[in-house]
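Enquirer: Just so you know, the sequence shown maps onto residues 993 to 1094 in my numbering.
Note that these hints are calculated values from the structure, not bench results. Quick reminder that beta carbons are idealized off the backbone N, C-alpha and C, glycines included. A few of these clues could be false.
[Claimed, not checked] Have a look at the derived ranges for each label pair, beta carbon to beta carbon:
(1) Arg-1065 - Ser-1028: 25 to 31 Å
(2) Asp-1049 - Gln-1073: 36 to 42 Å
(3) Arg-1065 - Ser-1041: 29 to 35 Å
(4) Arg-1020 - Gly-1067: 30 to 36 Å
(5) Ala-1027 - Ser-1079: 26 to 32 Å
(6) Asn-1062 - Gly-1024: 32 to 38 Å
(7) Gln-1064 - Ile-1018: 26 to 32 Å
(8) Ile-1043 - Arg-1023: 18 to 24 Å
(9) Ala-1027 - Lys-1076: 15 to 21 Å
(10) Ile-1018 - Thr-1069: 28 to 34 Å
(11) Ala-1063 - Ile-1018: 19 to 25 Å
(12) Ala-1030 - Pro-1066: 32 to 38 Å
(13) Ser-1041 - Glu-1080: 18 to 24 Å
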Amino acid sequence: MRPHHALLIALLIACPLAGQTTAAPIDRQARGWAASCAACHGTDGQSQSGIPPIGRDADSILRALLAFRNAQRPGATVLHQHAKGYSEDELRRIAAVFGAAR
């Protein structure tokens, strides 16, 4: 095989064809962070143990997480402490994990 043929094949494999869609990449780090949420809220964010469900879309989840982190959500037991450990970008990524599960 000629060198330029190998390059062409590599490019065709690496780049999707025009009009072809690919699945969004999985944010494995954010999924790891979200796993700690699952301890109380369940793996899909819908706890069966009386803990409020995460539910909703990613934007709503992010707003709630930021409100907990910024002590703007009264009645929090532990979530305000958990949320303080993450940056806004990290909370956005966690919200995206649960938002994608909807």
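Enquirer: Next, verify each hint and record whether it holds.
Expert: Evaluation of the provided hints:
At about 19 Å, the CB distance of Arg-1065 to Ser-1028 disagrees with the hint of 25 to 31 Å. For the hinted restraint 36 to 42 Å between Asp-1049 and Gln-1073, the CB-CB distance of approximately 25 Å leaves it violated. Roughly 20 Å separates the CB atoms of Arg-1065 and Ser-1041, a value that falls outside the hinted 29 to 35 Å. With their beta carbons about 33 Å apart, Arg-1020 and Gly-1067 fall inside the hinted range of 30 to 36 Å.
Between Ala-1027 and Ser-1079 the CB atoms are about 18 Å apart, so this pair departs from the stated range of 26 to 32 Å. For the pair Asn-1062 and Gly-1024, the beta carbons lie near 24 Å from each other, so the given range of 32 to 38 Å is not met. A C-beta distance of roughly 31 Å is found between Gln-1064 and Ile-1018, which places it inside the suggested range of 26 to 32 Å. A hinted range of 18 to 24 Å holds for the C-beta pair Ile-1043 and Arg-1023, which are about 20 Å apart.
Range check, Ala-1027 to Lys-1076: Cβ separation about 19 Å, and the 15 to 21 Å hint holds. For the pair Ile-1018 and Thr-1069, the beta carbons lie near 31 Å from each other, so the given range of 28 to 34 Å is met. Ala-1063 and Ile-1018 have their C-beta atoms about 32 Å apart, which leaves the hinted 19 to 25 Å range violated. Between Ala-1030 and Pro-1066 the beta carbons are some 25 Å apart, a value that contradicts the proposed interval 32 to 38 Å.
For the hinted restraint 18 to 24 Å between Ser-1041 and Glu-1080, the CB-CB distance of approximately 29 Å leaves it violated.
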